[in-house]
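J.: So the sequences go chain by chain: A and W.
Quick note: the first sequence uses the working numbering, first residue 1, plus one each step.
Quick note: the second sequence uses the working numbering, first residue 1, plus one each step.
Bear in mind the hints are in silico, worked out from the structure with no lab data behind them.
Glycine is no exception: its CB is placed at the ideal position from the N, C-alpha and C atoms.
Don't take each hint at face value.
The calculated lysine to aspartate or glutamate pairs, modelled on EDC-like cross-linking and capped at a C-alpha distance of 16 Å, are [what the hints assert, rightly or not]:
| id | chain 1 | residue 1 | chain 2 | residue 2 |
| --- | --- | --- | --- | --- |
| 1 | W | 220 | A | 59 |
| 2 | W | 71 | W | 305 |
| 3 | W | 2 | W | 316 |
| 4 | W | 212 | A | 59 |
| 5 | W | 298 | W | 316 |
Okay, the calculated beta carbon distance ranges per label pair [what the hints assert, rightly or not]:
| id | chain 1 | residue 1 | chain 2 | residue 2 | range |
| --- | --- | --- | --- | --- | --- |
| 6 | W | 212 | A | 42 | 27 to 35 Å |
| 7 | W | 4 | A | 53 | 48 to 56 Å |
| 8 | A | 39 | W | 102 | 28 to 36 Å |
| 9 | W | 102 | A | 53 | 38 to 46 Å |
| 10 | W | 216 | A | 85 | 32 to 40 Å |
| 11 | W | 102 | A | 38 | 21 to 29 Å |
Rough simulated footprint, nothing fancy, chain W against chain A, three-plus residues with beta-carbon under 8 Å [unchecked claim]:
| id | region |
| --- | --- |
| 12 | 46–57 |
| 13 | 65–76 |
| 14 | 83–90 |
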Amino acid sequence: MAHKLLSPVLYPQNRNQSYFMEDLDEKPEEDKSSLASFCIAAIPFLALTIGPPFANRLEPRIFGLPFLLAYLVFWVLATPLFMLIASWLRRPR
Amino acid sequence: MKSIIALAIIGCVIVATAGLGIFGVRKVKMDPTQFIVGGRSLGAIFLWLLMAGEVYTSFTFLGAAGWAYSKGAPAFYIICYLTVACILSFFYLPPIWRTAHRHSLLTSADYFAVKYQSPLLGALVALVGVVFLVPYITLQLTGIQILLQIAGYGTIDSVLAAGLAFGLIVGFVLVSGLRGAAWASLMKDALVLGAVLFAGIVLPIQFFGSPKGVIDQVLKVQPNWMTLAGGTNNFGTVWFVSTVLLTGFGGFMWPHSIAAVYAAKSEEAVRRNAIILPFYQIMLLLVYFAGFTALLIKPGLKGSEVDQSFMLVVQEHYAPWVLGLVGAAGCLAALVPAAAQILAAASLLSRNLSGFGLPAEKQEQRTAATRLWIVLLSILAFGLWVFARTTLVGLLLIAYSGITQIFPGLMLSLRKRPPHPWSVAIGILVGLALLIVFAATGTSVVLGLNFGLVALIANTVVLFAMDMVLNQVAARRLIKNCANAGM
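Please take these sequences and the hints and turn them into a complete structure.
T.: So, in structure tokens, the structure goes:
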């Protein structure tokens, strides 16, 4: 009994009874992310990951915010815009 | 009297939210797909509510204010990493959604099982998910307890009260599943928005004239509070970058986040959600203001008390009904994610770690099994929280880094030829082993880097190395077999 229950674990190739039965050989739907959309998305990504050490300053204050915080807030707010452009640049179906 | 007003408001809000969730699903027949992933029917708006509801927990708020209070600029990583996670998710979540949709997947471990054609790898991913979800669930319990303790002005048994609130939410999730959590998120997001506007704008204006005034004051007291220490100092710039990267990679690795992705109606909804989710971050800016204000009004808090800083300010300076509303927002911010987390952990247990080979026609039993696991898991989580809280702290320190160890395997599954499932499994195990060593020796920063990123890099290197080795072995065996067959 236990052996039967464990069979999908022990013998993964016996995928005849559970949700593994759908075939995986059919071609995956082509992903339509283009190089251009990657490049556009890379801008806010880099600005928020490797950018902050270079914006690590107090002055100039922007709307009273220290420069570092203002820089981060700017990029957080700008990200949706960049991602919107990235979604336009995806290859049409 | 004060405590009765505040606690009554919190109680009413929690009951009303559970009611809203149950009302929202009254006509839904709960097969596993409905129960675990909301019937894959959420449009962009509901998906946004649910994701925001799950990602921004009470500890995003209490913790962000606490870090602003106790550490200053390092707290800013929180505003960055979720944005980074959204940028990445724009590219990798839609293909995952497609696979989930095509193969009717319900859990994050299902994805690994199907993509790598290895239920064993799926079981490992499920185990990792459950092991790190349980401490995360108990963290929400701690959040509720802190809030109820403050709202009760110290007059009630807060452990018991937190237990009651938790029990109510478990009952709620048993009835309504993921759809209920999505409905509850609606209430949670509205209340949290109100509370954050109050804490981040009204509070600073009342005490210092404006948010700008708070920052000026903080800089007078602590000139270095708004900038990062340089280089490889603790919580310096190198730490900041590595933490944003690690947590950005890990942003959607939690089982409940992936379940939310499966709940989307279309891959377009997933993509739209990735575009608009960063807007939610601006709330965190206000939370920082609240933390800074608390630092000035009530300095000198230590240890875990810093997470209570702005709640204590509200308790001291405002009417009980204000405290009640802010506390209710905080409680929902703990309970809604807890509901989704329990559901995700229970579905991993019922689907990937037990009940193999249950035929598809016995779907009713699947929902029943998941419900049973919800009950067992909730009792376990609550018991651990009450009796073994100190040991949980160790697990919590590595929870986020731990769950992120599945990231390399998830990314590489998107390649045309995914790596060998064993190499993914060994990579995960190496990453986890390193994390445990770091945690046991009390290291949280290695060469200025966040230790989670170090483990993630080791994981990835091992993954590639093992993949090469395993391919070599397979090739040798093939050649040998061919030779034996006289070919």
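J.: Each hint should be assessed against the structure and marked as holding or not.
T.: Taking the hints in turn, this is what the structure says about them:
Using a Cα cut-off of 16 Å, the hinted pair residue 220(W) and residue 59(A) holds, with the two alpha carbons roughly 15 Å apart. Pair hint residue 71(W) plus residue 305(W) holds up; C-alpha atoms about 13 Å apart against a cutoff of 16 Å. For the proposed pair residue 2(W) and residue 316(W), the alpha carbon gap of about 12 Å is at most 16 Å, so the pair holds. Between residue 212(W) and residue 59(A) the CA atoms are separated by roughly 14 Å; this keeps the pair inside 16 Å, and the hint holds.
The hinted pair formed by residue 298(W) and residue 316(W) meets the criterion: a straight-line CA distance of about 10 Å does not exceed 16 Å. For residue 212(W) and residue 42(A), the Cβ-Cβ distance of about 33 Å falls inside the hinted range of 27 to 35 Å, so the restraint holds. Distance hint check for residue 4(W) and residue 53(A): the Cβ-Cβ separation is about 51 Å, which falls inside the suggested range of 48 to 56 Å. Here the CB-CB span from residue 39(A) to residue 102(W) is close to 29 Å, well matched to the stated 28 to 36 Å.
For residue 102(W) paired with residue 53(A), a C-beta distance near 43 Å keeps the hint of 38 to 46 Å intact. A hinted range of 32 to 40 Å holds for the C-beta pair residue 216(W) and residue 85(A), which are about 37 Å apart. The beta-carbon spacing between residue 102(W) and residue 38(A), approximately 24 Å, falls within the hinted interval of 21 to 29 Å. Coverage of a stretch by a chain is defined here by at least three residues with a beta carbon nearer than 8 Å to that chain's beta carbons; for the region 46–57 of chain A and chain W the count is 7, and the condition holds.
Counting residues of the region 65–76 of chain A whose C-beta lies closer than 8 Å to any C-beta of chain W gives 8; at least three are required, and the coverage claim holds. Taking a C-beta to C-beta cut-off of 8 Å, the region 83–90 of chain A contributes 4 residues in contact with chain W, enough for the three needed, and the coverage statement holds.
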